[in-house]
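Q: Okay, here's what each chain looks like letter by letter:
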Amino acid sequence: MSVTVNLAETPLRELHAQLHALHEDSNETSWEVLNPRGQHAIAVGLTAPVEVTIRGHAGYYCAGMNQNATVVVDGHVGWGVAENMMSGLVRVKGNASQAAGATGHGGLLVVEGDAAARCGISMKGIDIVVGGDVGHMSAFMGQAGTMIVCGNAGEALGDSLYEAKLFVRGSVDGLGADCVEKEMEEAHVTHVAELLERAQINADAASFRRYGSARKLYNFNVDHADAY
Amino acid sequence: MDTNIPRTTPRKSSLFDDYTLSEIRRAASTGIYDIRGGGAKRTLPHFDDLLFLGASMSRYPLEGYRERCDTNVVLGTRYAEKPIELKIPITIAGMSFGSLSAQAKEALGRGATIAGTSTTTGDGGMTPEERGQSKTLVYQYLPSRYGMNPDDLRKADAIEIVVGQGAKPGGGGMLLGQKITDRVAEMRTLPKGVDQRSACRHPDWTGPDDLAIKIQELREITAWQKPIYIKIGGARPFYDTALAVKAGADVVVLDGMQGGTAATQEVFIEHVGQPTLACIRPAVDALKELDMHRKVQLIVSGGIRNGADVAKALALGADAVSIGTAALVALGDNDPHWEDDYNKLGTTAGAYDDWHEGRDPAGISTQDSELSKRLDPVLAGRRLANYLGVLTLEAQTLARACGKSHVHNLEPEDMVATTVEAAAMARIPLAGTTWIPGANG
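As they're listed, the protein sequences go chains A and B. If you read the first sequence in the numbering used here, its first letter stands for residue 1, the second for the next number, and so on. If you read the second sequence in the numbering used here, its first letter stands for residue 229, the second for the next number, and so on.
Hints listed in this document are in silico derivations from the structure and should not be mistaken for laboratory results. Treat each hint with caution, since some may be false.
27 Å max Cα-Cα, derived DSSO-like pairs, lysine-lysine [what the hints assert, rightly or not]:
(1) B/K420 - A/K182
(2) B/K383 - B/K315
(3) B/K315 - B/K516
(4) B/K516 - B/K310
(5) A/K216 - B/K420
(6) B/K601 - B/K572
Only some residues are given here: those of chain B computed to face chain A with a beta carbon under 8 Å [stated by the list, open to error]:
(7) M229
(8) G405
(9) L418
(10) D423
(11) A427
(12) D432
(13) E445
Here the structure is a predicted model, which means the values were calculated and not measured. The beta carbon of each residue, even a glycine, is placed where N, CA and C say it ideally should be.
Construct the entire structure; sequences and hints are all you get.
A: Pasting the structure below:
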């Protein structure tokens with residue numbers, strides 16, 4: 001059953017009251033949000049496995065802390081889309097501003113356009129696929145999960161990286177502290193191909209380069225002080 | 229050498245004292261800065277430098293054991309639909325599972341619950357032990373977001389966005405590898421044994437305008453039910469408090485430089501921030517200027533040790549105080565009972581601050597399973613409750629002596645200062661004078 005909510009007439013708080021009240025087996029599985037007009041925090045804190053389509057641009061923290069739901073933004077988004085996502089799918093058909101997927105623990109974030117600086121900052125298990133470019137300091141302190149960038153990456157990619165896995169098809173302006181390029185093995189090609197397929201992004205998995213942590217900053221060592 | 233010639237007594241430098249010399253030798257040997265727990269140890273102007281005047285001819289006291297002197301406080305009345313109601317104006321500050329053992333976190337929850345107050349999570353998330361034993365639990369939302377998840381956010385009674393900490397305003401946290409056990413590593417999604425670095429800035433907002441939007445998100449996720457606190461370190465209390473109010477805080481938590489930390493560089497602890505005493509009046513000024521005093525509640529922390537400290541902080545305009553170090557001591561931290569073990573670590577009870585090493589003989593700042601067993605959470609919780617009770621009784625005693633039927637009725641005019649520095653910082657007249665240094669610009 002499909003439900004349409006017009007944010008030009010309905011307060012955001014009321015939309016959330018309806019979405020948060022949904023049970024796991026609700027029949028209202030398809031939601032359409034009209035006239036978002038850049039409002040912040042749209043479709044945040046969802047827990048039910050429903051699909052929410054936002055027709056237009058959204059502001060900060062769209063689909064923040066998502067669990068189980070599928071949120072599709074038919075437009076661009078501001079800072080922190082899908083921040084701290086736990087599970088589910090968030091798809092942005094346009095571009096995303098800074099800190100897309102920040103601290104996400106799980107689920108899949110797809111940005112079909114570009115993502116700005118600090119995409120995947122402190123990512124903790126989320127998978128992120130960006131169809132275009134990512135800005136500087138992306139995957140900063142990334143702990144777990146995979147980031148795939150089909151375009152180019154800005155400066156200081158993967159700075160202070162823990163165990164997040166990074167794959168970039170285009171150029172990288174520079175690697176951050178403790179981030180190094182690693183050999184792209186067959187298993188990695190398979191992993192990238194699977195994620196691209198889930199993201200419905202068409203790209204040759206074998207054309208990506210792999211980056212990860214050198215693990216030299218894992219324990220304080222005076223001989224590496226210049227890297228801190 | 230002619231031993232008949234009188235010689236001056238060997239004299240050590242006050243500038244290069246024994247501690248300074250030992251630190252130079254330690255630095256020269258290791259090549260890395262000193263890390264420790266706790267707050268500033270240097271002598272600073274503090275609440276001890278203030279005195280209550282008590283009642284006299286111009287005002288009369290309340291009978292000590294017969295007339296009421298209330299201590300309750302409500303936090304989060306500005307926007308939250310479910311403000312927190314506490315019996316006493318003394319809360320337990322945020323301290324993480326990871327820096328503290330699970331037993332210690334449970335004991336804090338038990339003690340706070342018995343006393344009718346709240347306790348607070350820390351970096352690394354919420355543990356079942358802590359939630360289970362805490363009637364009122366504040367969930368910290370930190371830059372690292374270690375262990376942060378929306379399920380726990382919904383389980384919390386309030387949310388505290390940590391912007392800064394008194395021990396290290398402008399600095400991030402650290403938890404060294406010795407304490408990153410399997411459980412801590414799993415909760416924080418980190419490899420076991422790494423020296424964990426916590427970010428000093430939030431990953432998805434940068435200033436008060438962004439923070440206002442972040443708060444909106446948190447309120448939408450939790451249906452506008454829960455109070456939102458903003459915790460700031462004692463750096464620029466007037467502006468930080470004003471900006472916290474602007475961003476939409478229900479409560480401001482202000483932590484002075486005597487506030488403790490689990491682990492930070494010694495140079496940071498001792499050389500960054502302002503004394504708690506110097507922070508309170510500017511924060512209250514900001515609240516009053518915005519007509520938000522008592523509407524946005526102010527919680528002060530950093531060196532609260534006894535009921536006099538509580539009463540003095542309230543008299544300066546705070547709605548409540550928060551304790552961390554004192555709560556750990558109440559549980560059993562630095563207890564002389566473990567002196568032999570402290571000696572083996574090269575220290576002594578009362579001076580042990582290598583909390584980051586995870587070898588705490590008292591079983592509090594450790595993840596070692598054998599050491600942790602030394603702390604009985606039920607007994608330690610009772611000790612904390614007793615201590616909180618004493619703080620409350622002491623604050624009531626002082627308030628009654630000043631003729632106040634509620635501890636919140638204490639006011640700056642009830643006090644004098646014993647030092648010029650304290651008089652200037654607290655804007656209280658120097659004892660025996662009407663002089664408030666700096667009051668006229």
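Q: Which of the numbered hints above does this structure break?
A: Result: hint 7 breaks, nothing else.
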